[in-house]
Amino acid sequence: MAQTQTPTDDAASAVAGTRIGVVTFPGTLDDRDAARAVRLAGGTPVPLWHADADLHGVDAVVLPGGFSYGDYLRAGAISRFAPVMGEIVHAANGGLPVLGICNGFQILCEAHLLPGSMIKNDHRTFICTEQVLTVENVDTAWTRSYSRGQHITIPVKNQDGQFVADEHVLDELEGEGRVVFRYEGSNPNGSRRDIAGISNAAGNVVGLMPHPEHAVEPGFGPDGPRGPRTGTDGLGLFSSVLGVLVS
Amino acid sequence: MGRVVVDVMPKPEILDPQGKAVAAALPRLGFEGFTSVRQGKRFELEVDGEVTEEVLETVRQAAATLLSNPVIEDVVRVAADQGEG
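Here the protein sequences line up with chains A and B, keeping their order. Taking our numbering as reference, the numbering of the first sequence is continuous, increasing by one, and the terminal residue is 263. Taking our numbering as reference, the numbering of the second sequence is continuous, increasing by one, and the terminal residue is 156.
Just chain A, same shape as in the assembly (with noise of 0.2 Å):
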């Protein structure tokens, strides 16, 4: 018996076969999140260990927060050297879409994938906030699901949180439209130039300190404007490259 599928069913069934790695360091934290936030956008996330040095044909890959290694040496500088680094770092140069969230975001840096770096907070303390952002670049792999100059509200929470460059570096991010997201109202760890989250020169590699992970699902968010710990705003980096991937 013939089954007629709707292009709706069609859209579900593509976007629910697209997997999404998600890598667990030692000393990882949010890679359930982040696995979570996969599933909860459509797609089927697969974990991805550090030291297997395989990706296990992932059509994408999310870099999780945490602390790797205990931070020691430099955040994420352990962590870069991982088996599976050496496939992520090949892969993302053939285009594959890496997001780095925080901890993540410091790999990415260390791996060269990224510019700049991270040091610790301009206060010195650990903060931990609901952080309104500027989506400025809606380009990427992992943005195209907003809409430009959108404010989106995530959690933020992190030490060495502040994004540093120098300014010929700085300068050739905003040049380029490379700055993808912006701390708006307050910058909460002395980041230049308020930069949130940055990409690489083809826009499929893109790294911001706060978490969307944490802001996908009613109930577990940020405070939104339906009630509190409504906010999803965080979802749109996840539809945004399952949208991507099955186009």
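By construction, these hints were calculated from the structure, which means they are not laboratory data. Please note that a few of the clues may not be correct.
[Unchecked claim] Below, computed lysine-lysine pairings styled on DSS-like, alpha-carbon distance capped at 27 Å:
(1) B:Lys-82 with A:Lys-173
(2) B:Lys-112 with B:Lys-82
(3) B:Lys-91 with A:Lys-173
(4) B:Lys-112 with A:Lys-173
(5) B:Lys-112 with B:Lys-91
[As the list claims (entries may be wrong)] Partial chain B-side listing against chain A, Cβ under 8 Å, derived:
(6) Ile-85
(7) Pro-88
(8) Gln-89
(9) Val-93
(10) Val-126
(11) Asn-140
(12) Val-142
(13) Ile-143
[Stated by the list, open to error] Label-pair distances were calculated between CB atoms; the ranges are:
(14) A:Gly-33 with B:Ala-92: 49 to 55 Å
(15) B:Leu-127 with A:Asn-109: 31 to 37 Å
(16) B:Ala-94 with A:Arg-208: 18 to 24 Å
(17) B:Leu-100 with A:Arg-208: 21 to 27 Å
Source: prediction; values computed, not measured. Glycine included, each C-beta is placed from N, C-alpha and C at the ideal position.
Since the structure of chain A is provided, determine the placement of chain B on it from the hints.
Okay, now just chain B, sitting in the frame of chain A:
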């Protein structure tokens, strides 16, 4: 047994929040007259045998690759430790 010492400092143009915190604590304890403090890292790498020029070159490469991040830090010294071994 030989030992190589590597000193890494935050770049001069990079704000050093930890150094600033130490600078603020000094006068509170009565240590007056210090206008600035910068805090760096010291690594001690031990090898079997002597510290040869080849060993030093390997350490220089390790210092530039892993022990420091050139975006925010400078390797200010790579040297054989002449102290007691």
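**Asked** Can Gln-89 of chain B be said to touch chain A, with a Cβ gap under 8 Å?
**Response** holds (6 Å)
**Hint check, Ile-143 of chain B versus chain A [nearest Cβ-Cβ separation less than 8 Å]** = holds (5 Å)
**Message:** Can you verify the interface hint for Val-93 of chain B: is its Cβ closer than 8 Å to any Cβ in chain A?
**Reply:** violated (11 Å)
**Message:** Next pair to validate is Lys-112 of chain B with Lys-173 of chain A; report whether the Cα-Cα distance is within 27 Å.
**Reply:** holds (26 Å)
**Asked** Between Ala-94 of chain B and Arg-208 of chain A, does the beta-carbon spacing fit 18 to 24 Å?
**Response** Given range 18 to 24 Å: holds, Cβ gap about 22 Å.
**Interface restraint verdict for Asn-140 of chain B against chain A (beta-carbon cut-off 8 Å)** = At 6 Å from the nearest chain A Cβ, Asn-140 of chain B passes the 8 Å test, so the hint holds.
**Asked** Does Ile-85 of chain B pass the interface hint, meaning its C-beta sits closer than 8 Å to a C-beta of chain A?
**Response** holds (6 Å)
**Asked** When the nearest CB of chain A is found for Val-126 of chain B, is that gap smaller than 8 Å?
**Response** violated (21 Å)
**Prompt:** Against chain A, with CB atoms and a cut of 8 Å, does the hint on Val-142 of chain B hold up?
**Reply:** holds (4 Å)
**Message:** Lys-82 of chain B and Lys-173 of chain A were given as a pair; does the straight-line alpha-carbon distance stay at or below 27 Å?
**Reply:** holds (26 Å)
**Message:** Verify the CB-CB distance for Leu-127 of chain B and Asn-109 of chain A against the hinted window 31 to 37 Å.
**Reply:** Since Leu-127 of chain B and Asn-109 of chain A have Cβ atoms about 33 Å apart, the given range 31 to 37 Å holds.
**Asked** Holds or violated: are the alpha carbons of Lys-112 of chain B and Lys-91 of chain B at most 27 Å from each other?
**Response** The hint holds at about 16 Å.
Checked against the numbered hints listed earlier, the structure breaks hints 9, 10 and 17; every other hint is satisfied.
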